[in-house]
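Novice: Given next are the chains, with one letter for each unit.
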Amino acid sequence: MLEQYLPVLILVELAIILAIAFILLSRLLGPNRPASNKLGAYESGMDPIGQARDRYSVSFYIIAMEFIVFDLEVIFIYPWAVRYQEFGEGTLWAMMLFIFILFLGLIYTLKKGSFDWDTEHTATRKPRL
Amino acid sequence: MDPTLFSTLVMLAVVLLFLMPSAAVTVYAERRVSAFIQNRYGPNRVGPMGLFQPFADVIKLFLKEDIIPTGANRFLYTLAPMIPVTTAVITVGVIPFSEHVYIADLNIGVLYLLAVASLSVYGVTLAGWASNSKYSLLGGLRAAAQMISYELPMGVALASVILFAGSLSVLDIVNSQDIWWNIFRNPIGFVIFTVAVFAEANRTPFDLVEAEQELVGGFHTEYSSMKFGTFFLAEYMHVVIGSMLITTFFFGGYHLPFAGYWLPEMSVLAKSILDIFVFIAKTVFWVFVFIWVRWTIPRFKYNQLMRLGWTRMLPIAILNFAVLAVILYYL
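Chains as they are written, first to last, in numbering that gives the first Met the number 0: chain D, 0 to 128; chain C, 0 to 330.
A hint or two may mislead.
Said to hold, decoys possible - Below, in silico cross-link-like pairs of lysine to any residue (SDA-like), each with a Cα-Cα straight-line distance of 25 Å or less:
id	chain 1	residue 1	chain 2	residue 2
1	C	K300	D	S58
2	C	K63	D	P30
3	C	K59	D	L24
4	D	K111	D	S58
Just so you know, these hints were derived from the structure itself, not from any lab.
Next comes chain D alone, as it looks inside the complex (with noise of 0.2 Å):
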């Protein structure tokens, strides 16, 4: 049974492999001369000014929890998806509520403005004095 996994198993350590050595060889191969400015943070010629490391939109944590809920869903919905044909009609039927109550929750989170990333609403909002 686990002999199938052989072949990838393979597979990765080859794709392993490849990779250290491209960047082994790039080490190896090109010059070495540092200098303060050129290994300084990019910032269009200008001194960074703090760190990268800052606060950022709290949008991006809010996608990754959905995403855990919605891809949750997807996985529960592949084992079914493989023998739903032997399962009968009563599952097919629970599977379709399923999803129905997840579509809700996919609903009032849309509704909640959760992916609402645009700047309109707030840009056309009244200027509070």
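The hints should help you fit chain C onto chain D, whose structure is shown.
Specialist: Positioned in the frame of chain D, the structure of chain C alone reads:
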């Protein structure tokens, strides 16, 4: 030596020898095709018709200085370029080139593909974070959000393919298309899958990850030498592999149109050779479409990208799956 293991090893060598140059040839093809689309010549000096240009480029990249910025996390900065190229190569493991020519026929092939596709997010995101540059970080964040967003419609579209095949093995999925390709049976799923593959490969119109007008080079701003070259190579490998995936899941893989009806029985060798030619022809066609789209369609804005992924493609993909499941069950 065990004959199956031996044939597998031969396949491994052939596939690796095929994939590496295919990325180089795709780079060349992109530069030439874009040149013709924009009514100019493109590279035509190195070798006949400029065919050796990609090799010259790779040698040049190897001989450039390899820089690690002072602010960067040295370990992650070096690790990041290895991930995309590794995931690109190991994706080929489950793609069948013919009925008899493949590296492995896993009974969970589709899950393997999805898992490997998720791994490639790490390379881009870690590169962006480890460089400690603002452009890189923004590029990496955008890449992470974009790639996980488009993985969902892609997964659901693949689930609708499984409904037809009744198996997670990629070989079974291709064999289920010997008469009707999935593009005819599941056109909505095909559109969604194609768009998602474009987004996963970070190609225009979804290349906000490296939108040069806003982010310089995006996640690879700080990379030089072959570390940059590795990202570059991996991007084109993902184009080739994306084409292979579209071919495999929706374009009938190695089957000629309606082959189940009219194709006579053939010997294993003749069938394999025919299959491989058909598969490569379809892959080349899709690589061309990738290039064509890049030089035709302008880039999205980031909010449009997210809106398309979550409010259009995901609901349509789920509805498409549910409707197909009900129809197929009662058919």
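Novice: Starting from K300 (chain C), check that the Cα of S58 (chain D) is at most 25 Å away, please.
Specialist: Given pair K300 (chain C), S58 (chain D) holds - Cα atoms ~16 Å apart, limit 25 Å.
Novice: Are the Cα positions of K111 (chain D) and S58 (chain D) separated by 25 Å at most?
Specialist: holds (13 Å)
Novice: Would the pair K63 (chain C) and P30 (chain D) pass a check requiring their Cα atoms to be no farther apart than 25 Å?
Specialist: The hint holds at about 7 Å.
Novice: Given the proposed pairing of K59 (chain C) with L24 (chain D), does the C-alpha separation stay at or below 25 Å?
Specialist: holds (12 Å)
In summary, this structure violates none of the numbered hints.
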